[in-house]
Structures are given as C-alpha cells and as structure tokens.
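K.L.:
Guided by the hints, dock chains B and C onto chain A, whose structure is given.
Note that the protein sequences, when read in sequence, are chains A, B and C. According to our numbering, the first sequence is numbered sequentially starting from 1. According to our numbering, the second sequence is numbered sequentially starting from 1001. According to our numbering, the third sequence is numbered sequentially starting from 2001.
In short, the hints are calculated from the structure, not lab data. Think of the CB as a built atom: it goes at the ideal place given N, C-alpha and C, for glycine as much as any other residue. Any given hint might turn out to be false.
[As the list claims (entries may be wrong)] Listing some non-contacts, in silico: residues in chain B with all C-beta distances to chain A over 12 angstroms:
1. 1013
2. 1046
3. 1089
4. 1090
5. 1229
6. 1297
7. 1315
[Unchecked claim] Ranges of calculated distance between the beta carbons of each label pair, as one might list FRET restraints:
8. A:145 - B:1203: 23 to 31 angstroms
9. C:2128 - A:82: 50 to 58 angstroms
10. A:390 - B:1219: 48 to 56 angstroms
11. C:2005 - A:25: 38 to 46 angstroms
12. A:317 - C:2331: 54 to 62 angstroms
13. C:2156 - B:1219: 48 to 56 angstroms
14. A:25 - C:2002: 41 to 49 angstroms
15. A:208 - B:1287: 19 to 27 angstroms
16. B:1047 - C:2271: 29 to 37 angstroms
17. B:1125 - C:2271: 53 to 61 angstroms
18. B:1287 - C:2325: 34 to 42 angstroms
19. B:1016 - C:2080: 28 to 36 angstroms
20. A:45 - C:2173: 38 to 46 angstroms
21. B:1187 - C:2173: 51 to 59 angstroms
[Claimed, not checked] Computed cross-link-like contacts, DSBU-like style, restricted to lysine-lysine with a CA-CA straight-line distance of at most 35 angstroms:
22. A:147 - B:1203
23. A:157 - B:1203
24. C:2110 - B:1109
25. C:2004 - A:32
26. A:62 - C:2326
27. C:2316 - A:78
28. C:2186 - B:1048
29. C:2240 - B:1109
30. B:1048 - C:2289
31. C:2153 - B:1109
32. A:31 - C:2326
33. C:2240 - C:2316
34. B:1160 - C:2158
35. B:1254 - A:157
36. A:32 - C:2316
37. B:1253 - A:147
38. C:2326 - A:32
39. A:145 - B:1203
40. C:2110 - A:78
Okay, here's what each chain looks like letter by letter:
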Amino acid sequence: MPTWVFMPKLGVNMTQGVIVNWLVREGDPVKKGQPIVEIETDKATQEVEAPDGGIMARIVAKAGDTVPCTYVIAALTKMGEPLPAQIPVRDEESFVPEASVGGEQKREGESQAVAAREEGQSEDHLIISPAARVLAEELGVDFRKVKGSGGRGRIQKADILAAAQSLPSASRGAGAPPAGPGLSPGQVVPIAGVRARIAERMLQSSQGTARVVLIAEVDATELVAWRQRVRGDHGDQPRPMGFTELMVFIAARALRAFPYMNASQRGDAIHLLTEVNVGVAVDTERGLLVPVIREADQKNLIQIQAEFLRLTEMARTGRIQPDDLTGGTFTLTNLGMWEIDAFTPIINPPEMAILGVGRIGPRPAALGQQVIVQQRMTLSLAFDHRLVDGAPAARFLQGIKHMVEAPSTLSEG
Amino acid sequence: MARRITVKQAINEALSEELERDDRVILLGCDVGRRGNPFGVTSGLWQKYGDSRVIDTPLSEEGFTGMALGAAATGMRPVVEILYSDWITLAMDQIVNEIAKSRYMFGGKMNVPLVIRAPVGVGGGVAAQHSQSFESWFCHIPGLKVVMPSTASDVKGLLKTSIRGNNPVIFFEHKRSYAIEGEVPDGDYTIPFGQADVKRQGKDLTIVAVSLMVHHALAAAERLSAEEGIECEVIDPRTLVPMDWDTMLASLKKTSRLVVVHESSRTCGIGGEILAELVERGFDYLEGRPIRVAGLDVPIPYNRGLEHLVIPDPQHIVDAVHRALD
Amino acid sequence: MAEKEFEQMRKLLPEATLLEAPPGLSPERQFEMYRTMLLIREFEVSIPDLWKRNLVYGLAHSYEGAEAVAVGACSALEPGDYITSTHRGHGHCIAKGADVNLMMAELMGKYEGYCHGKGGSMHIAFVEGGMLGACGIVGANVGMAAGCAWRAKLRGDKDVTVCFHGDGGTNQGIWHETLNMASIWKLPLVYMVENNQWSISLSYDRAFNVPHIADRAAAYGIPGVTVDGFNVLAVYGAVKEAVARARAGEGPSIVEAKFFRYVGHFVADDQRYRSIEEANRWRIMDPVKRMREYLVGSGVATEEACREAEAEAHAKIGAAIEFGMKGTEPAAATLFEGLYAD
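With the rest of the complex left out, here is chain A (with noise of 0.2 angstroms):
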C-alpha cells in the first residue's frame, strides 16, 4: 500500500495550501521525516516531512498548484512497489461529507409562525398586512371584498393597488372602464372599481371640507420666455418641458415658503408636513390618477419633468405602483390643455389646497392706462377653510403669482 502524502492542515483556520517547492524529483529515495515539499499556508512557508520512508513514487500536485487540506499531494513506494492505478483525491478517512453532519433536520428553537396552525381566512378574522390596510385607507378600497394573494390568503399592499386600479386578474371588485371616450350611447357602465373610489373620495372631500376657491389671474410672460428658455438650452430631452413642470417646480417651493398650505388634518391636529410632495393629476383610460412627485421642493426642474414623465407614462400604461400614487402633500391640476380657465377643483384628501392651472394664451391686459394684449393664465387655489383662513391663503396664492411673474427670482437648480 503506498503512502500518500496529503496537503496538512498547519492552522486552525487554513483549508488550503499553495505548493511553492518540491525538494525532491520522481524517482528519488526519500527517509522518513525527510523535508520533501515546501509549501505556502496564509502566514508562511513551511516544510513538509515524509511521513515514511521510500520512493518518491508519483507527485500529484505541482508547484504553484494550490490544494485544499488533507487532498494528496504525492503518492511514496516502498522499493519495487506498483502504484496503483487510482490515486485517491483525498484522505478519505478524514472526509466528512456535509449531509450527515447537517441532515435535513429543522433547526430546533425557531420560532413557530402561529398561524401555521390556523387556517386561512375566516370572515370575523381576515388577514391584511397591516401595510396593505393603510393603503387601503389612503386609496379608498374597501379590503373586504379584496382577494388576497399573500400566504394563506393574506390581502397585501398589492392586491389592494390592484383592486384600485381594477386589474381583473387580482380584484373581485373588477373594474370596468370609466364614462369616456370609447363609449357609445345606451351602454351601461357599472360604478365599480376606479370609478367607484373616485366617486367615493370625490363625495368625502366635497362633503369633509369647507372648501373656498381663489381666483387670480397671472401675467404669464415670463413663464413662457422661461419655458422657451429651457427647452433651447435642454433640446436634447426626448420631450419638451411643459408648463404643468413649471408649475410643479413654482408650487413646491410656495409650499416651502409657506408651511402652512403643506399641512393635513390627523384628528384633533392640523399636521405641517416635512416632505413637499406635489400629486398631479393625470388623465387615464381608467379614469383619474394622481401620481406624485416626491420631495419637489428638493428636485430641480430636469429632476422634475424626468419624474413627471416617468409617473405618467407608468400611470397610462397601468403600471403604476402603490408609493407612486400615495404619500402627496398638495396636488396640482392642470386643464389648460383643454381650454379652461378657471375652475373649482375638488381637494384631494387628506391634503389641504389644490392649485388649478388654467390656459395660457393671449388676452388684453392693462399696462399703465393703455390696454395691451399679454400671455395671461388664471389660477384656481381651493383651500380647506377648516384648516386655513382665507387671508393665509390668498397669501399663498400671491406667492405663487408673484413666482410665475417673476421666475428669474427663483433658483432654478
């Protein structure tokens, strides 16, 4: 039986060696305790004996070969000895295979999820992340009637975003597509799933607020030049800046300069918010969403419309995510597009204002004593009266009026 030679373990923590030397040739007579190899552990070289005499019959691992502990490294024959055609890998006498230390048994003393023991849903205790009810909350889905898709039938955050959004693959309360274009005359359309939290929240806040509408109208020269201005110096951007950025990017930092419109109502508490996050409302297929844009007051204007039109893009294509549509401070709504100037936006809860951006175009307008034509828009501020009074307000609004007046007058970056 020949000899192996085998990669030693030299230190507690070394689980391989690098062969640097071999001090002996194949074919060479060798005496026990011999020094035959040199080899590198991660503190130093070292020497290896022969742990036998004999014939240095075959040398398995070359130098620069790096060999984990207890594999052969060389194969020692007594005088006229064969060496076998099988050199082992390793000394399998030392070789613990992992499985029958660590077996399938469960890890003992880790705690037992109740619940395994339950079943599932039952109607006097439903399972919701706790997640998933706030969410809930904010977007006016009634969660019982929400199949959840969760462990053991768990509602989560996202059956709850799906059964707002109508998706029919996730809701009981499948959507159907909201009064618009595509309908024809005769057809019934159910008050159901976006429609119906829409119908929902629209009716909580006309009838949960005292709601006032300011009406101011703004000489939008500057605003125009500013548009053109930015979208010379940005001709690269795949679309072109638009106003509704503009006006997000002024309203977050009115909200800065007045605190108190960037508040809500938490019980017996009006609450000034940290975060100045502006929701606008987008226009989609399955009716009206309100994406928002976060920290807007930290953004600058290319940060603004970049996640502008990623919301929206998202939100058309009904990918939008729950933390995209929650979480906002104040909303803009902007229906100039559509030719409308003035409008009595409803507040979107549990906000406290509103700001509606009507058209900008042409109108005449008195400079001096003379009557001249100018770019005008006319801005529409609701307020909640419960929380703010009208002189607070209309302070607000003149802040954002003095804004778009005089834009040069605000950093753009």
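P.N.:
Positioned in the frame of chain A, the structure of chains B and C alone reads:
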C-alpha cells in the same frame, strides 16, 4: 387559606423551608449569615441553620460563584446571593463559561443545581452601580434559566422551584418589591417554569410587563378602566427563560394590541426580544403598532428627580396604551 | 545517571532532583507509573499527525514533557478523590484512569466520545471517575475544584480534590480568591501548579515577580513547595504529603512542579516567540526517559519489561485511533441534548 406577606418575607420563607427540607441546600454570599442580608431578606436563617448551611463569604464574587459550581457538581444545592445584581459582572466568566456550559460540554454528564439570587432595580438614590437590571444578558446565554417574579406568591413558589430543579437559575428579585404585600397559599407549593400569569384580564390591549413593572402596569390598567373604559390585559411572564409565548399569543389574538414594559434600559432590553418574538409569531393578530416602554438609555443618576425620570411609571404606560390604540 | 548529565540538568533547572522512590512506594506501583506515562506520551505524539489530517481539529494542547506531573500527582490519590483539569488536559485524564478509546473518540468529535462530541479536547470530563472536567478558560477551574473541596468539608466527606492548573492560571483573580477562601475554611484541596514557564508566548520571568509560585502560599498562610516537575517521584512525594494534610483537615497547600514546555503551546504553534533550539535543549530532562533510566538503573524493572510496556502503550493508542475513526458523527438531532437537566 391564604396569608398576606411581603415579597421579602416570601423569599425568607422559601429559603427557610428549602433549607429545612433538603440538607444539601446551602446559602452563601456576603453578609447573608450573621447580618441576615442588609435588607433583612435572610434574617433568622443563620441563627437557625448555622455556619455550615448559611455561609458568610469574603468579597470574592467570582471565587464563590465558581466554588458554588464545584459544590453543585458534586451533590450540593447552593443558593448564591450577589447582593446587588450590578456586581454579577464580577462573576461573569464563571456564570457564562462554566456554570451555563458544563453540563452541555460534558455531554450531559454533570448536573448543576445552582441558584444565583441577584436583586435588581432602581430606587432610593443608590445610583449607577447599585441599580441595574441585566436580565436580557442572561436570557442570551443558552444553558441558564432566568426567573424574574415580583409578587409574594410568585416569588415564593418560583424560588422553591429554582432550588429544587437541577439547572442553573439566575433569580432576579426586585429590591423595591420587598415591601409589597400579597396573598400566599398556605403550606408547601411550587410554581413551574414557563408559565406566564395573566394578572388582569381585558379585551382591548395586552400589556406584557416584567418584574416591578407588573405593579405599574396594573395601576395603569386600573386607571384606564376607570377613566376611559379601556380594558387592558396584563401578563407577567414570571420566567424569561423559559418564556411562555403561548399565553401571550393567546392574549394578542384576543386584543390585537401590544405594549411591553420593563424597567431596564431600552436598547437591547428584554422588551426587544418579547416584542420581536410576538410580532414574528403573531403578526397576523396585530391591528396596530406594538409599543415598548422601558428605562432610558442612561446610567442611573443619584438625584432623586433625575432618577425618577429614567424609569417608567404608570403614566408612561397609560400614554403607551393610547399610542398603541391609535 | 552520570553526574555530568545531572549537572547539565541543574544548569537548566536548579530545582532538579534525582529520582528516588519515597518509602512505601512499591516497585509494582513505580512501574505502573511508568506505564501510565508511556500511555500519555504515545497518545500525545499521535495527535499532531491526526490534527494535520483534520481528524482532530479545533484546538489541541500537547502534554508531552509534562507526564511526570499528572502521573505523580494522580498516583498519590485514593479512589474517590477528585481532580480538575485544563485545556492541556489529556495527561490528567489518562493519569486519572480515563479510557483512551473514549478520549480519542471525543477528540475526533464522535458521538462515542466521553462528551458525545460536544466538548472536544479542551472539555473532556468523566465525572463518574472523579474527573470534574477540563476547562478552556485558563485558571477558571479552580472554582470547580475549590467548590468540590468545599462540599467535602461541609458534608464531612473524606475525599480530597487536586486542582491542576498552569503558571498562567495563577495570575487570574479567581486563583487568589479561592486560595483565600480555601485557607480560611481549611478546605481539602491541593493547588497543583504546573509551572512549565510559558503562558503561550510570555515566559515566566516576564510574568512573575517572585522566583517560585509556591512563594505565594505564604501570603495565604498555607504551605507551599516547589519540586522538579520532570521527576515523577518528586511530584508524587510532594503531592502525597499535601493530600495527607488536606485529608486530615489541615487545609490547602500549593505544590509547584517546575519544568519547561518544550513543545509548542498548541499543535500548530510555530513558536516564533522563542528559540526552538533553546527549547529543545530541555529535552534532556524528558521525564519518561528519566523514569526509565531510574527503573532499569535501580533494578526495579528490566530492559525487556520496559520495551514490552512501550510496545503495549503504542498498540493501545493505535487501537484508540482505530476506535475513534470507526465512531459515528453525532446526528443533528443531538444538538440540544444535554443542554438542560430534565
């Protein structure tokens, strides 16, 4: 028939009865003998059982705790007293590396029937090095049992079980509970480990409270009931290792709201373990955010006004209940 | 032994003494001590190769060169007496009568080992044989030993406890704490200090301000003696006296066996903190060799008897290795076994 006695008397009775019952039981520690412990907890015992059963030791916590291991391993049932739990740090190597592990390392071939009593708790202006509570450290060492009762009947029954059992036990009585009276059954009785006690039933919210905070939680629950009609269920785990999760989960299923209260400092305190485990196991029962009430992360100051700020009181618990019900 | 040789020894170790059987120690018992030393030696020299093959793993600390202490001390005990051991504990186990098969299986982590694979080299115990466990925290086991002696005193039992520990352990606080309590209460305890002059890389002269550890006994009002730790009969004599004192109720004593750790601290120690050449010079004091020379020289045993004993010890360890290799890996289901009683 039941009697009303204080926690301190209950401890004294348990020790006395166990010394009587089994001559392998010994008490040891600084001032436990002739002085009867500075709080009077072991008074009368040396007079009755003498030097060979109630032993005054020199100031060598590591030494005598290690020696208690050797005595326990060869047939005795020592009850070590470390007068202020703060000084248990002096004996940490013996407790953690030898006492907790000998049975396991030696393949189950050695029993260590050893109890270490280490009174905890803030109060009286004894300041930073005489006021601490380290129960969460010891719950983290496999091999130990950790017992933390705070009423007379719980203390007596659990101390007996600790002494009669064959495992090492760290027994944390609260110094400020000593004067609290409670009813105690007559005669010999024990309370098993791993059995939480529902100290007050209620349907609106579950309060899990540890040690002295059990009494504060009950006071808060009474106030909430009388003034606001909120009915809190107060659960006292009594033993932290082993912990009775089933009782707490059954309560959480009923109420869906949770407040956890302990006196020791918040960060990495036992409240984190209780809250995390209950949330993990009982996630689907939760309606609202679970809340921890704990001591502040600061060494205990001497000034009594400052000292009072550090630890939870019934008002803190009431406030937490409101937040948890939100 | 030639005087010149002995003078060389004394140059290394001034405390060296010639081997001399104390009165009452029969030739049979002397030869038995030699056999036990051989068994320890064979066991210890087999470990490094097994370790390099990863059959024994983790930390293993060789008792080679220290055989005189374990065997000398344990030979002075009665059945029913106790010992505690250290991380360098194979010698104590074997000297106290451990089964080398079960020891080897434990070092290989097998379920058939003394601790069912839970302890390994540093935590072997066989409580039923009066061996209260080896401990991997240096010096900590004085607590266990003093506690065992405390129980004997309190219960009026007649057993004595010998606590093996190294020079390093005598600098731990607990050594002093227990010495103090043992001396106050007159516990039946022997502090068996194995002063091999090295705490890993810290040599004695850098760790102590007294020439002998036994000098510390005076601080506790108890007897202390230093003996040639390479001389099994000297160790035996000193421990026998200390044990008799303890059993008579006179309290603890310190027996310091002074020698030299001429192997590395642990099996893979490269010893870069000292001169290996210098360490190897101490091999002339090899306790097994000295006992053999004494036995043959004084006529207690023949050359042939010694060779037979050597072959037998070698075979026993070969069988132990085989026993260990055939052992089974503990199943995952045994992970929590033994954690708590009932």
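K.L.:
All the hints need checking, so say for each whether the structure fits it.
P.N.:
Hint check results:
1. 1013: holds (36 angstroms)
2. 1046: The claim stands: residue 1046 (chain B) keeps its Cβ more than 12 angstroms from every Cβ of chain A (closest is about 42 angstroms).
3. 1089: Check passes; 27 angstroms lies beyond 12 angstroms.
4. 1090: Given that every Cβ of chain A is farther than 12 angstroms from that of residue 1090 (chain B), nearest at about 30 angstroms, it holds.
5. 1229: Nearest chain A Cβ is 19 angstroms from residue 1229 (chain B), so the label holds.
6. 1297: Label holds. Min Cβ-Cβ 25 angstroms, cutoff 12 angstroms.
7. 1315: holds (20 angstroms)
8. A:145 - B:1203: 23 to 31 angstroms: holds (27 angstroms)
9. C:2128 - A:82: 50 to 58 angstroms: Holds, at about 51 angstroms.
10. A:390 - B:1219: 48 to 56 angstroms: holds (49 angstroms)
11. C:2005 - A:25: 38 to 46 angstroms: holds (43 angstroms)
12. A:317 - C:2331: 54 to 62 angstroms: holds (56 angstroms)
13. C:2156 - B:1219: 48 to 56 angstroms: holds (52 angstroms)
14. A:25 - C:2002: 41 to 49 angstroms: holds (45 angstroms)
15. A:208 - B:1287: 19 to 27 angstroms: Because 24 angstroms falls inside the window, the suggested range holds.
16. B:1047 - C:2271: 29 to 37 angstroms: violated (60 angstroms)
17. B:1125 - C:2271: 53 to 61 angstroms: The hinted range 53 to 61 angstroms holds for residue 1125 (chain B) and residue 2271 (chain C), with Cβ atoms some 56 angstroms apart.
18. B:1287 - C:2325: 34 to 42 angstroms: Given a distance of about 60 angstroms, which is not inside 34 to 42 angstroms, the answer is violated.
19. B:1016 - C:2080: 28 to 36 angstroms: Given about 33 angstroms between the Cβ atoms, the range holds.
20. A:45 - C:2173: 38 to 46 angstroms: holds (41 angstroms)
21. B:1187 - C:2173: 51 to 59 angstroms: Violated, since residue 1187 (chain B) and residue 2173 (chain C) (Cβ atoms, about 44 angstroms apart) do not stay within the stated range.
22. A:147 - B:1203: holds (29 angstroms)
23. A:157 - B:1203: Distance of about 28 angstroms is within 35 angstroms: holds.
24. C:2110 - B:1109: holds (16 angstroms)
25. C:2004 - A:32: holds (33 angstroms)
26. A:62 - C:2326: The hint holds at about 33 angstroms.
27. C:2316 - A:78: holds (27 angstroms)
28. C:2186 - B:1048: holds (24 angstroms)
29. C:2240 - B:1109: Given that 35 angstroms is the threshold and the Cα spacing comes to 29 angstroms, the pair holds.
30. B:1048 - C:2289: Roughly 59 angstroms separates the two Cα atoms, so the pair is violated.
31. C:2153 - B:1109: holds (24 angstroms)
32. A:31 - C:2326: The given pair, whose Cα atoms are some 30 angstroms apart, holds under the 35 angstroms limit.
33. C:2240 - C:2316: Roughly 29 angstroms between the alpha carbons, so the hint for residue 2240 (chain C) and residue 2316 (chain C) holds.
34. B:1160 - C:2158: holds (30 angstroms)
35. B:1254 - A:157: holds (25 angstroms)
36. A:32 - C:2316: Holds - the C-alpha atoms of residue 2316 (chain C) and residue 32 (chain A) are around 23 angstroms apart, at most 35 angstroms.
37. B:1253 - A:147: Holds, at roughly 22 angstroms.
38. C:2326 - A:32: holds (27 angstroms)
39. A:145 - B:1203: With Cα atoms ~27 angstroms apart, residue 145 (chain A) and residue 1203 (chain B) stay inside 35 angstroms; holds.
40. C:2110 - A:78: holds (34 angstroms)
In terms of the numbered hints stated before, the structure departs from hints 16, 18, 21 and 30, listed from lowest to highest.
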